[in-house]
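Chains as they are written, first to last, in the numbering used here: chain V, 376 to 656; chain F, 376 to 656.
Take the hints with a grain of salt, since some may be wrong.
Chain copies aren't distinguished; within one or between two, either way the pair holds.
Stated by the list, open to error - Calculated cross-link-like contacts (lysine to aspartate or glutamate; reagent style EDC-like; alpha-carbon spacing at most 16 Å):
(1) K560 with D504
(2) K565 with D598
(3) K457 with D482
(4) K565 with D482
To be clear, the hints were calculated from the coordinates, so they are not data collected in a lab.
2 protein chains.
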Amino acid sequence: MKVRRSDRLIDMTRYLLERPHQLVSLTFFSERYGSAKSSISEDLTILKRTLKARGTGILETVPGAAGGARFLPYITQGEATKFVDSVIESLSEADRFLPGGYVYMSDLLGRPNVLRQVGRLVATQYLHDNVDAVLTVATKGIPIAQSISEQLNVPFVIARHDSQITEGSTVSVNYVSGSSSRIEKMALSKRSLEPGARVLIVDDFMKGGGTVGGMQSLIKEFDATVAGVAVFAEGAFDGERVVPNYTSVLKIHATDDHVDVTPGNFVEQIFTSERVSQLTN
Amino acid sequence: MKVRRSDRLIDMTRYLLERPHQLVSLTFFSERYGSAKSSISEDLTILKRTLKARGTGILETVPGAAGGARFLPYITQGEATKFVDSVIESLSEADRFLPGGYVYMSDLLGRPNVLRQVGRLVATQYLHDNVDAVLTVATKGIPIAQSISEQLNVPFVIARHDSQITEGSTVSVNYVSGSSSRIEKMALSKRSLEPGARVLIVDDFMKGGGTVGGMQSLIKEFDATVAGVAVFAEGAFDGERVVPNYTSVLKIHATDDHVDVTPGNFVEQIFTSERVSQLTN
Numbered sequence: 376m377k378v379r380r381s382d383r384l385i386d387m388t389r390y391l392l393e394r395p396h397q398l399v400s401l402t403f404f405s406e407r408y409g410s411a412k413s414s415i416s417e418d419l420t421i422l423k424r425t426l427k428a429r430g431t432g433i434l435e436t437v438p439g440a441a442g443g444a445r446f447l448p449y450i451t452q453g454e455a456t457k458f459v460d461s462v463i464e465s466l467s468e469a470d471r472f473l474p475g476g477y478v479y480m481s482d483l484l485g486r487p488n489v490l491r492q493v494g495r496l497v498a499t500q501y502l503h504d505n506v507d508a509v510l511t512v513a514t515k516g517i518p519i520a521q522s523i524s525e526q527l528n529v530p531f532v533i534a535r536h537d538s539q540i541t542e543g544s545t546v547s548v549n550y551v552s553g554s555s556s557r558i559e560k561m562a563l564s565k566r567s568l569e570p571g572a573r574v575l576i577v578d579d580f581m582k583g584g585g586t587v588g589g590m591q592s593l594i595k596e597f598d599a600t601v602a603g604v605a606v607f608a609e610g611a612f613d614g615e616r617v618v619p620n621y622t623s624v625l626k627i628h629a630t631d632d633h634v635d636v637t638p639g640n641f642v643e644q645i646f647t648s649e650r651v652s653q654l655t656n
Numbered sequence: 376m377k378v379r380r381s382d383r384l385i386d387m388t389r390y391l392l393e394r395p396h397q398l399v400s401l402t403f404f405s406e407r408y409g410s411a412k413s414s415i416s417e418d419l420t421i422l423k424r425t426l427k428a429r430g431t432g433i434l435e436t437v438p439g440a441a442g443g444a445r446f447l448p449y450i451t452q453g454e455a456t457k458f459v460d461s462v463i464e465s466l467s468e469a470d471r472f473l474p475g476g477y478v479y480m481s482d483l484l485g486r487p488n489v490l491r492q493v494g495r496l497v498a499t500q501y502l503h504d505n506v507d508a509v510l511t512v513a514t515k516g517i518p519i520a521q522s523i524s525e526q527l528n529v530p531f532v533i534a535r536h537d538s539q540i541t542e543g544s545t546v547s548v549n550y551v552s553g554s555s556s557r558i559e560k561m562a563l564s565k566r567s568l569e570p571g572a573r574v575l576i577v578d579d580f581m582k583g584g585g586t587v588g589g590m591q592s593l594i595k596e597f598d599a600t601v602a603g604v605a606v607f608a609e610g611a612f613d614g615e616r617v618v619p620n621y622t623s624v625l626k627i628h629a630t631d632d633h634v635d636v637t638p639g640n641f642v643e644q645i646f647t648s649e650r651v652s653q654l655t656n
């Protein structure tokens with residue numbers, strides 16, 4: 376059965392957007408719609424133009440018999456800045472202040488629209504980095520890890536402070552919690568990561584960087600490599616962090632009776648890199 | 376600037392699919408594309424037909440001046456059955472067996488394509504149920520909760536066994552863990568749920584149902600109501616469960632040296648309901 380161009384465009388949009396970073400072949404689409412490959416190629420050209428014009432992402436087309444298309448989602452600088460500003464506005468509400476200088480932000484990290492934007496932000500940075508997996512530590516980093524995993528279309532894995540029977544054999548490391556100087560432990564299932572995998576470390580909050588350092592040690596134990604470090608919020612920290620390179624969406628500076636939330640280094644670092652600005656402009 | 380129909384269809388597909396269950400007005404689209412409302416209405420008719428024909432979901436259109444369209448994602452019975460079968464096949468691999476009769480499934484619950492399908496399954500069941508929030512308990516229910524939250528486009532909230540300073544004031548309940556008969560505790564931030572909210576309880580695994588019972592008690596403490604209970608896997612349990620009504624994607628029956636994974640009651644219960652089969656057929 377032949378399918379009209381309008382129907383093809385709708386279904387191809389849906390199909391490609393649900394499978395970011397995955398190459399879908401011309402042959403697949405051609406058979407799915409009973410259409411000639413030349414028509415599918417024209418469809419892809421229209422898709423590519425619209426997705427770029429609307430700031431949704433890049434449709435990479437691979438020419439030749441084994442060719443096809445791959446959708447790489449990104450966020451533009453304008454939308455990224457707008458998003459960071461909107462999060463800052465939400466977090467600056469007075470009733471978010473918690474005793475001890477903490478900020479209540481669990482609600483934000485449970486909203487699908489916020490999480491999707493965080494995922495798009497970080498996926499923009501690692502657009503061409505061949506990340507194989509996302510690693511976080513339970514509990515509050517999980518939603519961030521999952522949203523990035525979706526946009527990069529790679530699995531995420533969760534290290535835990537308490538090793539559970541349902542994880543099977545685990546590898547564990549000890550690390551010094553940067554802020555409290557206590558020795559802590561985290562464990563990850565032995566089946567989680569392949570040797571040589573490029574692993575992106577993410578967390579909801581980083582202060583001294585001890586937890587992120589723990590994840591770095593874990594990755595080393597698996598003979599894998601660190602692709603980067605991305606956190607939702609960084610707290611003020613006097614002294615040198617164990618982790619030198621990272622990006623943060625927000626900076627939170629809380630005193631005993633007040634909280635300042637400002638943009639992290641994300642937008643500034645990412646969109647000044649030539650590679651990203653070429654892609655998204 | 377006027378936008379061509381093909382460009383509109385691509386962008387509208389993306390826009391609506393990213394905002395399930397949210398009404399987007401004709402006026403919004405009309406201004407976004409500089410097109411007459413009559414053209415947008417025609418676009419929506421095409422979208423509705425294609426999304427239904429491909430088993431993606433329903434595009435509900437609301438007529439009138441304040442009208443617009445709302446995308447409700449679902450999964451068809453055929454795709455649901457295929458998905459459940461594929462998960463069973465993965466889980467039946469020999470090397471997943473863990474001492475004590477457990478099954479290793481953390482990797483599956485970290486794969487974006489698996490999680491998306493779980494989300495679509497459960498969202499199909501609650502398509503017209505006005506769920507306000509999804510509740511789970513840390514840690515392993517979180518990815519399930521997040522994927523359902525995305526498809527229903529409502530927030531998810533996380534109860535914890537250890538209450539953390541970053542949650543602010545919490546409400547806690549004690550409950551009897553069904554399988555071990557121990558008394559356990561779970562806490563949820565006071566800011567998490569509104570009184571009267573309809574809350575969907577989800578978890579990765581249910582045996583005796585004690586944890587789910589704990590979440591029911593928590594919801595009661597917030598003067599909210601239980602919209603339903605959905606779990607990824609249920610284990611074999613001798614005796615009566617505290618929780619009478621639930622749906623499960625899988626049934627896992629593990630003995631000392633062997634694991635049986637079979638379909639849960641999900642596909643059977645959902646697609647025999649007249650309401651759902653009318654929608655998805």
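Comparing the hints with the structure gives:
1. K560 with D504: neither (29 Å within a copy, 43 Å between copies)
2. K565 with D598: Cα proximity of K565 and D598: one copy only (12 Å, versus 43 Å across).
3. K457 with D482: For K457 and D482, the Cα distance exceeds 16 Å both inside one copy (19 Å) and across copies (35 Å).
4. K565 with D482: Between copies only: 11 Å across, 32 Å inside.
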